[in-house]
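Novice: Chain by chain, the residues run as shown.
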Amino acid sequence: MIPLTVIGGFLGTGKTTLVNHLLVSARKRWGVLVNDFGAINVDAALIAAQDGQTMALTNGCVCCSLGDDLGDALAAIAMRQPEHVVVEASGVSDPWKIAQLALIEPGFALEPLVVLVDTAAFLAQLDDRWIADTVARQLSFAEIIVLNKCDQASAETIAAVRARVQRLRPEAALIEAIDAALPETALSFAPGPRPVASRFHVEAIGHDFPTYALSADVPFDRDRLRAVLSDLPRSVLRIKGKCFLGAEAASVLLQYAAERWAFTAAPAGLQPALVVIGTPELPAQSDLVAQFRAATLG
Amino acid sequence: MSDKPQVTVFAARRIVTLDPSLPIATHVAVRDGKVLATGGVELATQFGGRLDDRFINNVIVPGFIEGHGHATDGLMWRSPYVGFFPRTAPTGQQAGGFKSIAEVIAHLRQVEVAMSDPNQPLVAWGFDPIYFDGPRMTVADLDQISATRMVVVAHVSGHILNVNTKVLDKAGFSPDSNLDGLVRDSQGRLTGELQGPAVMGRANRATGDGGLMRVLDVPGLRDYGRIAQRVGVTTSTDLANALTPENVFALRAATSEADFPIRLVPAMRAREYSVEDGLARIAELKALTTDKLRFGLVKLVVDGSIQGFTARLRWPGYHNGAQNGLWYVAPGELEAIVTAYHGAGHQLHIHTNGDEASELATEMVGRAIAAHPRQDHRHTLQHCQMADSAIFRRMKTFGMCVNLFANHIFYWGEQHAALTMGPSRVRHLDACATALACGVPLAIHSDTPVTPVDPRFTMWCAVNRISSTGRVLGEHERITPLQALHAVTLGAAYTLKLDHLAGSIEVGKFADFAVLDDDPLTVDPITIKDIPVVATVMGGQVFTAS
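Protein chains in written order, with this note's numbering: chain A, 15 to 312; chain B, 8 to 553.
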């Protein structure tokens, strides 16, 4: 499965800067889906081929227009075999709506929903009669919130923005940044090597996501599993993996994110097990094991 | 060819000209497709013309102008129509009028049996369950039509699809999944009802070409021309067209056919282009304008729809407590786009449904005018359904026009009273009287295919304000039959900058008429929608309505 990260945030928060930065300084073959293809700004020398709404770079990255349908765009970019896909949500959309659609793409694993904030403008935006609710709603399901443009905000403002953001979305991990320069590891749940702190990384990395696996060898009862999934606390950010459903033991891939989930056909060769990723408040492994076991058949 | 151009003099029982110098006439002389003279019986001999008295028992009014329609209406009819209200197909036959889910299913089973290709999806449109009592349509209902063929029933509101199991499978929606927009029953299973663009888009992708994503073509435009002509329309907008080379080719080909019965005024969807490219495109297209195809309008969409809960509302928000809609374009971006097109001298038609969207668009037009003072821009808010008098007063100050969605009062007025606006705000839903009282130039529209194009019906809605249950919603917002006739002729022409060419029967203007069996200004107003259309005349050419 290809890791997939959705990046949201209001206009001017630095999404396109982040994408440009990823493409230019890539250490992986990124596949990037963007709303405004024209805003992508890479050195002509780095462009290997460009054809309509697709741009291939010499470093192996590829950038495509998101178009009207996420599924179409993901199918097209998957053909290019990227190592990790990033989807840039439009500045007025609710990125969570886009992210949850990725749950039904069997070839992709949904990584944290990353939402950028313009730290210098954020407090004024929350007071703006026309955009306050849009900006706040974009944070509602964010898992990593990037306080960008910290160089343009005073320490006092940064502290105030942190407080407001934490009140709006206590489950998210916060990262401070300048010029949307993030370590690539910030786009994954998977813990990576801590990057060397630099002037771009005000706080290089500040997110830890406890992770553990649950066995899933015994088929689940559909209704009881649904009840378990419906009642999970918000500290459970993701569950993904192969399990079996119903008396017929249908082999399925479950992807769960924030009170929403999808079952799709399990890819061949995957071993049954559910990987749980959460915030530091994630329930103890033994509690979740007990809940899921109670939903099994027999 | 004779040296002297042919003059035809049409005689009628009565001609309502909307020309203040002669409001009522009995004869109109036509030459070169234009009105040469209006008056009485003396015209029959004055110009040595040929007298055409086939309309001697009828009433001629200016040809109707649909100020907000979509030519994609002409494409819809390749799919079965399953609406609650009967609707006229391009062939002139009545379709739909199904009064229960069982009737819809029975009809679609017949359609399915007649389909030869087993892989072709069956996509029906116009479903309107808000008028049905009892349970909603389910996946089991649609599985009765076919278990092997994809079946989709699109709701007329445009915001919901019902699909069968085959589509759920193809789209990857497992019955055990739980995503926003997938409706589930009390047992937690999917009902096959898909709400919102995200999940609907996925289903449309699964059904592919057989779905509702067709591209406008010449046969589709011909069909739209027939639909519109039959109800007295001589000019229609196509108010959201990407205007790709393919679209423009089809528009030019269809409108250049000698028997194409209407003039078309497409609006360029600005968001298909960067601002720079859009400005270049619209300038290039203006040069292609003909008498029957006029380019120049630019369309912007600010919010969604009220009944889809995607419109932007001011306090107190949705009556049922639903979350406010999201902007389709950020306020700052809107200002930049409006300013750019305004500054370059173009005319904007801006879709705003909720009152907050109307307020925002008005503000941004005001800022654009401050930056680039310019008279007679006639930027028009389209739908503008919840504007109050304060918004209309500002629109008047800025020289803006409005095109109100009068048909909503009948089709969704009760929904708005119960769910979206509540009993107070629904009184000024599509507030025609307030717009006129504030001095805002007024047009009214159908948004076809959302509701059927039929200016008689649109007039009827604005004059009577009767909902689908038969009660009056907002009696003080009713307008007179003359005001309503003006709104579907000269008023609409004004919003399209066509009032010097169309919208009234005056010397020098296009000879575009709607020929009716009776006079909409003198019949009982409750019967305006039922006055038969006898024919249209477009550029002096007669098109019968049958």
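To be clear, the hints were calculated from the coordinates, so they are not data collected in a lab. Heads up, a few of these hints could be off.
Stated by the list, open to error - Below, computed lysine to aspartate or glutamate pairings styled on EDC-like, alpha-carbon distance capped at 20 Å:
| hint | chain 1 | residue 1 | chain 2 | residue 2 |
| --- | --- | --- | --- | --- |
| 1 | B | LYS504 | A | ASP83 |
| 2 | A | LYS254 | B | ASP187 |
| 3 | A | LYS256 | B | ASP26 |
| 4 | A | LYS256 | A | ASP237 |
| 5 | B | LYS293 | B | GLU253 |
| 6 | B | LYS504 | B | ASP26 |
| 7 | B | LYS177 | A | ASP237 |
| 8 | B | LYS177 | B | ASP187 |
| 9 | B | LYS177 | A | ASP83 |
As the list claims (entries may be wrong) - Chain B stretches covered by chain A per the calculated footprint, using a threshold of three residues with CB under 8 Å from any CB of chain A:
| hint | stretch |
| --- | --- |
| 10 | 238-247 |
| 11 | 456-467 |
Where is the CB? At the ideal position from N, CA and C, for every residue including glycine.
Novice: Honestly, which of those hints from before does the structure not fit?
Specialist: Violated hints: 1, 3, 7, 10, 11; rest satisfied.
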